[in-house]
Amino acid sequence: MTATQEDSATQLPIGELAFQARDVKKHYPGVKALDGVDLEGYAGSVLGVCGANGAGKSTFAKLLAGVETLTDGEITITGYPHPVRNAAEAEQAGVLMMHQEPLIIDDFTVGENVWLYKLREGKDIRPWAQKADTNSHETRKVLQGVGLGHLSTRQPARDLGPGQRQMLSLSRAAVTHHKIMILDETTASTSEEHFNDILDLVDREKKAGTSIIFVSHRLNEVFAMCDRIAVLRNGKLVKTLKAADSNPDEITSLMIGQALKALERPTPVQHSPGQVPVLSIRDLHGGTARGVSFDVNAGEIVGLYGLVGSGRSSVARTVTGQRPAAGGSIKLHGQEVRLPSPTAAVAKGIAYLTEDRRLEGFVKDFDNGENMSLVVLPKMARAGVVDTKREKKRIRELISEFQVKGGTKTYTRTLSGGNQQKVVVAKWLETDPDFVVLDEPTKGIDVGARANIYKIIHDVAARGKGVLVVSSEAEELLSLCHRILVMRNGQIVDEFDPEHATTDDLIRTALSHQD
Amino acid sequence: MTSTSLPPVHQYEEDTSRGNAIGTWLKGQYALYILVALLVVATITRGSIFWGQTNLTNLALQMSIIGVVVLAQLIVVLTGGIDISVGSALGLAAVVAAGLFGGPSVLLALVVALVIGGIVGAINGGLVAFRGLEPFIVTLGMLALARGLVYAYGNGIPINPEAASSFASFGQSTLLGVPVLAIIWLAMVGLIAFLLYRTVWGRRVYAIGSNIEAARSSGIPVKTTLWSVYILAGLLVGLGGWMFLARFASGTSTAGNLLELEAIAAVVIGGARLSGGHGKVFGAVVGTIIFAVIANLLSLLNVSTFLQDAFRGALILVAVTLATVQFTRSRSKSTTPATK
Chain Z
0 MTATQEDSAT QLPIGELAFQ ARDVKKHYPG VKALDGVDLE GYAGSVLGVC GANGAGKSTF
60 AKLLAGVETL TDGEITITGY PHPVRNAAEA EQAGVLMMHQ EPLIIDDFTV GENVWLYKLR
120 EGKDIRPWAQ KADTNSHETR KVLQGVGLGH LSTRQPARDL GPGQRQMLSL SRAAVTHHKI
180 MILDETTAST SEEHFNDILD LVDREKKAGT SIIFVSHRLN EVFAMCDRIA VLRNGKLVKT
240 LKAADSNPDE ITSLMIGQAL KALERPTPVQ HSPGQVPVLS IRDLHGGTAR GVSFDVNAGE
300 IVGLYGLVGS GRSSVARTVT GQRPAAGGSI KLHGQEVRLP SPTAAVAKGI AYLTEDRRLE
360 GFVKDFDNGE NMSLVVLPKM ARAGVVDTKR EKKRIRELIS EFQVKGGTKT YTRTLSGGNQ
420 QKVVVAKWLE TDPDFVVLDE PTKGIDVGAR ANIYKIIHDV AARGKGVLVV SSEAEELLSL
480 CHRILVMRNG QIVDEFDPEH ATTDDLIRTA LSHQD
Chain R
0 MTSTSLPPVH QYEEDTSRGN AIGTWLKGQY ALYILVALLV VATITRGSIF WGQTNLTNLA
60 LQMSIIGVVV LAQLIVVLTG GIDISVGSAL GLAAVVAAGL FGGPSVLLAL VVALVIGGIV
120 GAINGGLVAF RGLEPFIVTL GMLALARGLV YAYGNGIPIN PEAASSFASF GQSTLLGVPV
180 LAIIWLAMVG LIAFLLYRTV WGRRVYAIGS NIEAARSSGI PVKTTLWSVY ILAGLLVGLG
240 GWMFLARFAS GTSTAGNLLE LEAIAAVVIG GARLSGGHGK VFGAVVGTII FAVIANLLSL
300 LNVSTFLQDA FRGALILVAV TLATVQFTRS RSKSTTPATK
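From first to last, the protein sequence lines stand for chains Z and R.
Numbered according to numbering that gives the first Met the number 0, the first sequence spans residues 0 to 514.
Numbered according to numbering that gives the first Met the number 0, the second sequence spans residues 0 to 339.
Don't read these hints as lab results, they were simulated from the structure.
Here the structure is a predicted model, which is why all the values come from computation and not from measurement.
Distance windows between CB atoms, simulated:
| no. | chain 1 | residue 1 | chain 2 | residue 2 | range |
| --- | --- | --- | --- | --- | --- |
| 1 | R | E212 | Z | D71 | 37 to 47 Å |
| 2 | Z | N85 | R | A309 | 32 to 42 Å |
| 3 | R | T320 | Z | Y27 | 20 to 30 Å |
| 4 | Z | N195 | R | G131 | 35 to 45 Å |
| 5 | R | D308 | Z | K363 | 31 to 41 Å |
| 6 | Z | E400 | R | S172 | 55 to 65 Å |
Glycine is no exception: its CB is placed at the ideal position from the N, C-alpha and C atoms.
Can you make the complete structure from the sequences, with help from the hints?
Written as structure tokens, this is what we have:
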């Protein structure tokens, strides 16, 4: 088995056809995720696959990797005798899939995670061989190749941050035999810091003759990496173009089918003197936050910018009761409040849109309706008994108001990231909160849905609520907020007016030398 | 809402035709098919005895007690937990209800049994919810503790309450030909179904079982809800202990022995997922009936008691395997023959 795999996975000469998809269709009950797509990839070249949420780009990646089965059509991989039918065959044919969620075993060391594929069937299972490999010089070189040279191979993987986990997962590209590599939204959980390492990795792979598919909607990254770009919309291929002949604006309009309007500035805050801020925190401690103070006024959108570990998420989680404060005071409408639990925060009219949608945002086994009414359900009930009619009616209204794809009975987990986020946003706004915290509100969401979410945030502020947006994307905050606070080492180090600040200012402030 | 709204190309077809809904529902009810098959076998082999009035009454009595315990197990399993102390707790409730104050009245015994069950549930739930301990370990400890107390309380001798005769007559009484114990069970089925499907509490139970982090983050009082689930389960088990006493008019020290296995198996055969968040009351009821019917049928067929246990075990394996067969079939349905 090992022999076949190595044979069929021999690298192709650069420029050769690596895979060809013909009239690929994938239908789920009620949804045509892909509806007749023709695409091909060439050795030593990067194909970008772009599209809005639910355009079918991730579905295409999954079909190519054999994770999902085709409804119709076929995908042939050069050097493999017949169309690929499942994940094992795809792997034998030389397809390496890098998932959006990095596949890391927490209890294994960094080194063991690099060599994880060796544990698979038909591999060398001598225990001593495995152990020796995982801490070898080669392992360290592999880690250096993805910018993780500073990690010990013996460190447990559970201690790594999300970006590092993704890079560790990517490091396996160096130790497996493959001729097609799929990066499925791989950069979604990595910050800008790791992107250069990914670029280096892709560059090495290109030289080695790998055909790379990069599924993403971060257009700047797509243009930095890809040679050709295929745009999908609603399950159909709109166009394939050369990256050199195109620009992000063109791709954006192809993705959403019409030109994107520039985002409007939020309505300026009506600030009357003597007005009590919605939220006022003083010397807040908790997690990595060490002595944070700021106010959020009614109708104001405040941005919180910082690198990973700067304390921005700690602040967001502390003021919403997700984690207890270690010290300091939180005042809501001038009243000192204690927020020992999310339940307490919800009761006080505080909403928190989590950064980790899959884990905390919605309930896996619930449909859209049940997820939307999760927080507000007690209000739809009399003496604990749910008023089903009222719930159904309200859910239907919400589905159309927030333009969620699918009906009330569709499981939220089957939707695309943007639609999932709309469900989560609807869930929280339905509680009519006074103060809303959004942690990375557009993470893993495409331009079209992004504009929707921004519009919703502006509307919330315009109704006189206080909004705090936490983000690692400087551009997002600049276009969205009234005021931006920058955090570093658990403290707020500077404040910017988006009218006069640039992305560069924010990044520089967030990075600047330790003091 | 904005200029960027997408044209609605993926139309989600909401299927409202009733016939189709029943069809889809039937596809998942493999437990029901097992039950039907069992009933067919029973009719063919021992039809006249099996469907006789005496046997049906006996069958109803048999499944009422276990049925109540299965409901307790179901709500715990829905939260992603497990309660292996149900059998011991039932035994404890039965013997204490029989022995305390000499067992002068049926109603007093009910109160005592509920209190005992409630206390056991509150301890289990408190440790699970507030101390964050593993339900399996907590209830394993409780299993041994409660059973030990049962033996200690009666020194291994069955305890006969003073009002043994009124217990017996209550246990054998019927309403419109249906044993009262079975009516109590069905009332509990209705109560639990109502709580799970129609109340805020029920929705929270499912949310916690499916995704505890999302539930917590959404402001659901996870700890108190979990605690209440275990307390309710304890009360149901206490009720089961009292029903046991009513049926046998005596608190034996082996009361409820190994009942936890049957309860867990019935819940799983009924389609519930042990990791939580998925499972229906109807399935649990069918699971209960399956176990009662198979035990009944095997004794009618004069199969030895030892072999009966083996049959029961085999049935669990068959049912659980069937569940996965169903699952893979419905998945591969969406692929064409060309890619078979």
